[in-house]
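Visitor: Heads up: the sequence lines are chains S and W, in that order.
By this note's numbering, the letter at position 22 of the first sequence is numbered 6, and the numbering carries on one by one without gaps.
By this note's numbering, the letter at position 139 of the second sequence is numbered 123, and the numbering carries on one by one without gaps.
It should be emphasised that the hints constitute simulated quantities derived from the structure, not laboratory data.
Watch out, some of these pointers could steer you wrong.
Here are the computed distance ranges between Cβ atoms for each label pair [claimed, not checked]:
1) S:P199 with W:A359: 20 to 30 angstroms
2) S:G200 with W:D47: 56 to 66 angstroms
3) W:N486 with S:E7: 31 to 41 angstroms
4) W:N490 with S:Y33: 38 to 48 angstroms
5) S:D353 with W:H330: 17 to 27 angstroms
Pairs of lysine-lysine residues, derived as BS3-like cross-links and limited to a Cα-Cα distance of at most 30 angstroms, are as follows [what the hints assert, rightly or not]:
6) S:K465 with W:K310
7) S:K111 with W:K465
8) W:K333 with S:K333
For the chain S half of the interface with chain W, some residues (derived, Cβ under 8 angstroms), not all of them [what the hints assert, rightly or not]:
9) P117
10) Y120
11) G188
12) P199
13) Q221
14) F224
15) E432
16) Y471
17) G515
18) E519
From a predicted model like this one, the values you see are computed outputs, not experimental measurements.
Beta carbons are placed, not taken as given, at the ideal position from N, Cα and C, and that holds for glycine.
2 protein chains.
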Amino acid sequence: FEAPSRQRGVAIPQGISKVKFFEVLNELRYEIGEEWVELNDKELKGGWYMEHPNTHDMMNILDAEELVASAVVYPGDVEDVQKIVGWANTWRIPLFPISMGRNFGYGGAAPRVRGSVTVDLGKRMNKILSIDPDDYTCLVEPGVSYYALYEELKKRGYDHMWIDTPDLGGGSVLGNALDRGVGYTPYGDHWSVHSGLEVVLPTGEVLRTGMGALPGSNTWQTFPYGFGPYSDGIFSQSNFGIVTKMGMALMPNPGGYESFMYTFPKEEDLAPLMEIIRPLRISNILENVAQLRHCLQTIAVRGQPRSKYFSGRGPIPEEIIHEEMKKTPLGDCTWVYYGMSYGPPHIRKYKLDVVHQEFLKIPGARRIDPSTLPADEYFWSRDKIAAGIPDLEELLWVNWMPNGSHIAFSPIAPIRGIDATKLYSLARKRHDEAGIDLMPAFCVGLREMHLIVEIVFDSSDISMRRKADRCLRDMIDDAAKLGYGEYRTHLVLMDQVAGTYNWNGNALMRFNERLKDALDPNGILAPGRCGIWPERYRGRGWEI
Amino acid sequence: FEAPSRQRGVAIPQGISKVKFFEVLNELRYEIGEEWVELNDKELKGGWYMEHPNTHDMMNILDAEELVASAVVYPGDVEDVQKIVGWANTWRIPLFPISMGRNFGYGGAAPRVRGSVTVDLGKRMNKILSIDPDDYTCLVEPGVSYYALYEELKKRGYDHMWIDTPDLGGGSVLGNALDRGVGYTPYGDHWSVHSGLEVVLPTGEVLRTGMGALPGSNTWQTFPYGFGPYSDGIFSQSNFGIVTKMGMALMPNPGGYESFMYTFPKEEDLAPLMEIIRPLRISNILENVAQLRHCLQTIAVRGQPRSKYFSGRGPIPEEIIHEEMKKTPLGDCTWVYYGMSYGPPHIRKYKLDVVHQEFLKIPGARRIDPSTLPADEYFWSRDKIAAGIPDLEELLWVNWMPNGSHIAFSPIAPIRGIDATKLYSLARKRHDEAGIDLMPAFCVGLREMHLIVEIVFDSSDISMRRKADRCLRDMIDDAAKLGYGEYRTHLVLMDQVAGTYNWNGNALMRFNERLKDALDPNGILAPGRCGIWPERYRGRGWEI
Ligand SMILES: Cc1cc2nc3c(=O)[nH]c(=O)nc-3n(C[C@H](O)[C@H](O)[C@H](O)COP(=O)(O)OP(=O)(O)OC[C@H]3O[C@@H](n4cnc5c(N)ncnc54)[C@H](O)[C@@H]3O)c2cc1C
Ligand SMILES: Cc1cc2nc3c(=O)[nH]c(=O)nc-3n(C[C@H](O)[C@H](O)[C@H](O)COP(=O)(O)OP(=O)(O)OC[C@H]3O[C@@H](n4cnc5c(N)ncnc54)[C@H](O)[C@@H]3O)c2cc1C
């Protein structure tokens, strides 16, 4: 990554002078400790996934100096978080909490509002507070990564429990669940398997949800709902509170597992394949959040730059893709299905036989025998992930471009041929217009699928950034017209995406604003996150 | 049921004169239609489950005239609901929405505040708006019962989809889920399988949650979360909105099923059995929300009055219970486990063999061969329910007492021997003190269990009502001291139960009140439900 030198100096929050801001930062230093407050006056450095900056999005799609923090504060405990919130209310300074800040594709560690003070929770609040080997649950702080949780289970010899990890294992278990991220075991819907939050409200009070509200409760991590309104949901994808603890279910070791891979030759196989997948997935014959990927991603994830294959303008031609595929152990194809079956051998066989029979209904479908694949084949990374073993290999497709950055288009769709086709076509059209390579992956949930289209771009290339931005915004609008909405989005697209959820005169957003104003009267917490602006910011042109 | 004659006349809402109230009721008649507004000036009749009154709790634990409605209104559509809400705001009249009002054990159809206008949504808003045979989902209005949904599936020939039903099939699919009720197939956690709500806010706006906020969305019933804060949870067990539509997942027909029953001889078997159940349940070898019942409930559910077995004072003696059990096809025992295994025969066998081997570790455990059981044995009712077939047989234990009423104590506990024992002991102690028969059923969720203790009482017997009330309140306090909290409770116990969720100076309740005041500034919607009082009511002694 190139480190562009800074033109604009320290990003001072709006409504406070630079001098005053420096002064009140000293107050914060006094409260939290000198060494735990950092002014962001250095170069905006890049990095790589595991050693990333926490002051901005190193994969910036806008100008590098747009979404930057004024300072970073590192609370050591819940009381510190309360103090920070109190301080922010006093001086009306926007805070932006992150757990580990590895939210790449969706904004990384950057705040939505330039000059926010980033609350980096993960650095010091990184304890695994409990792992319960009988209940199969854990309680974690924001700084616990999938790697850390996995290693702790191994260390304690808890082989009877699995974690669920997204494609990359370096993220925060808590932060990812709050953003409603997904992994690839049967416990892949992270939000649905969490149980219990501890939250610092924007006004400073500390709350425990679910059974955690009962002093001495013994079921905080086993029963999510508690009594009365079940409030956890409003703390996900929101700016209503800072989450300081989260409970989560761990998956029982299924007693065996086995990855499988099928390839399908033609683009048009997508639709009939989806019709086959849907009933198998709903009835749990297909058991995990599997991925159906376009073969170009299979090429990209080998880690070589695009220039190795093609140096022309516009999307890489079909012929080249298929020529390259022929050279891989998979052979030529257009779609690759990565799945896993769980349980003892005879139980797996029952399911795998059904899958095989159904998948082979697509002419030219092939099962790739894993024993024929070399150890460095990407298949083995998916094998680890579907078994809950953290990995980083997925990062390799970021190398597709120099200064490889990426940003995601992530609409939700029914698991249907017609919907897969419509989304694929609109993405294809907009990618072609922008001259961008299309690498879609359909992640099949239970009754819906998340289509994940990652645009890989060179963040030092302004014109490429603009094209990527245009392409994304067009896809979001096109999709909304057809009834598809994003499940999650990048900071810079939040206003647009939130705007598509506008049924009945924006009833949902007006409701969210009502909650925001009630919970955060001074509008200090993550203004603009998920399109929710506090009263103080509304109607002042903050939307992008 | 006896119908006590009314002493107190029509229950006029507080803060409005009787004359004025009658006047504004005419306004409501004008808005909604003459025939759809009923003054509650008749006798407070009893009824039975399927033909129950909607003006009060026919199973009253307090005086029959305590929790009664002033009037009932029947909206025909969402606009009607908005009009009713508008009217209530104008005149500051408390509303109490019910779907079908069969919430027996938890308050039936009664409002929490005497004189509320009951909004009976179910009578006219009772359409199944869609059943999707590909996605395995449905969209229902408040008045759709389990029976109605089941019959519609049969009518359409959708044998590939199952519903999940609680013990009684006459309740509302939507109302039960909103109260976070449970059923007994693998889809038994109703809240967790719902997807999408339409809500009329206390201020009258209509909102759609999840993907429903995206106009023309095609995934409202398949992807629950949508974009931004996931707000559904705060509309469950709350008084923040009136829900007019709800989506829900339907279970795929598992391709076979098989009920099984085990009996265990001794009271002390409870603890080791729970230790056996927990890992089997978490790993889905035990697949449904099964029930472990005390044998007295097995006797009671035969439908004969207690007086047939025992006419003395105090709890029915152990010896009599066991003498009676000997006469049943189950033979003598103390605990009965009702479970079901799903899938094709060889898959079931695999699971059932594990269960058998584990359960038989309890000395004297016996598997009861279903083929030895007569057709009217209660086992076959559980068999239906675990296969998603609505039933009513469970009602029979209500006959235990004349004017048979019941009220539930429903704490959540870890699935552990020690916890089962602690809860059982405290319930036993308090029942003995009150001279009440103890009939506990442990409903094992996934990582926790709902203990359901139903106290059956004669609602015409004031002293028995008082004893039941005392017993319940003591159990709630005892349980809270040990870290157990209720998952749901009766209207009259809501303040007490909410009071046990008081961590950090009642942080959760203060948060709920903040939301309540923001969403319902005039405090018109179900004041006091789940212990949440709007500003206008607080500090005025409404708690009971
Ligand atoms: C190659 C690649 C593959 C990826 N694959 C996946 C995938 O398979 N699945 C997936 O889900 N994601 C995926 N991602 C996206 C991302 O890397 C992960 O979701 C990652 O886990 C998120 O970063 P984090 O956990 O450090 O969260 P953070 O960045 O710490 O949190 C995410 C956001 O949540 C909010 N937040 C975090 N913590 C708190 C808190 N304590 N209180 C209040 N708000 C908070 C903040 O707004 C923050 O911006 C992928 C990214 C890359 C680069
Ligand atoms: C013998 C017996 C066995 C039982 N077994 C079970 C069981 O196994 N599982 C179980 O869950 N329950 C059980 N119950 C309790 C009860 O019968 C069911 O839960 C029943 O489904 C609830 O009644 P209902 O569906 O008519 O809901 P309603 O009474 O209509 O709704 C329940 C409450 O939710 C709120 N509400 C309802 N609709 C709305 C709305 N549209 N908007 C806002 N708020 C609303 C109201 O406060 C209402 O009081 C049992 C009861 C008996 C008598």
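Visitor: Would you mind marking each hint as holding or not holding in the structure?
Guide: How the hints compare with the structure:
P199 of chain S and A359 of chain W have their C-beta atoms about 50 angstroms apart, which leaves the hinted 20 to 30 angstroms range violated. At about 35 angstroms, the CB distance of G200 of chain S to D47 of chain W disagrees with the hint of 56 to 66 angstroms. Checked against the hint of 31 to 41 angstroms, the C-beta distance between N486 of chain W and E7 of chain S comes to roughly 40 angstroms, which is consistent with it. Taking 38 to 48 angstroms as the suggested C-beta distance range, the pair N490 of chain W and Y33 of chain S conforms, at roughly 43 angstroms.
In this structure the supplied range 17 to 27 angstroms holds for D353 of chain S paired with H330 of chain W, their Cβ-Cβ distance being about 26 angstroms. Under the criterion of a C-alpha separation no larger than 30 angstroms, the hint pairing K465 of chain S with K310 of chain W is inconsistent with the structure, at around 67 angstroms. Of the pairs offered as hints, the one joining K111 of chain S and K465 of chain W holds, with about 28 angstroms between alpha carbons and a cut-off of 30 angstroms not exceeded. This hinted pair checks out: K333 of chain W and K333 of chain S have alpha carbons roughly 15 angstroms apart, not beyond 30 angstroms.
Hint on P117 of chain S is violated. Least Cβ distance to chain W is approximately 10 angstroms, over the 8 angstroms limit. Checking Y120 of chain S against chain W by beta carbon gives a least distance of about 5 angstroms; that is within 8 angstroms, so the hint holds. Proximity of G188 of chain S to chain W is violated relative to the hint, the smallest CB-CB distance being about 11 angstroms (cut-off 8 angstroms). Taking 8 angstroms as the C-beta cut-off, the interface hint given for P199 of chain S holds, the closest approach to chain W being about 5 angstroms.
At its closest, the beta carbon of Q221 of chain S sits 5 angstroms from a beta carbon of chain W; the interface hint therefore holds under the 8 angstroms criterion. Evaluation of the F224 of chain S hint against chain W yields a held restraint, the C-beta minimum of about 7 angstroms falling below 8 angstroms. The restraint placing E432 of chain S at the interface with chain W holds, with a minimum CB-CB distance near 4 angstroms, inside the 8 angstroms limit. Interface restraint check: Y471 of chain S against chain W, minimum CB-CB distance 7 angstroms, threshold 8 angstroms, status holds.
Among the interface hints, the one on G515 of chain S holds; its C-beta lies about 7 angstroms from the nearest C-beta in chain W, closer than the 8 angstroms criterion. Here the hint on E519 of chain S is broken, as its CB sits about 12 angstroms from the closest CB of chain W, past 8 angstroms.
In summary, the numbered hints that this structure violates are 1, 2, 6, 9, 11 and 18.
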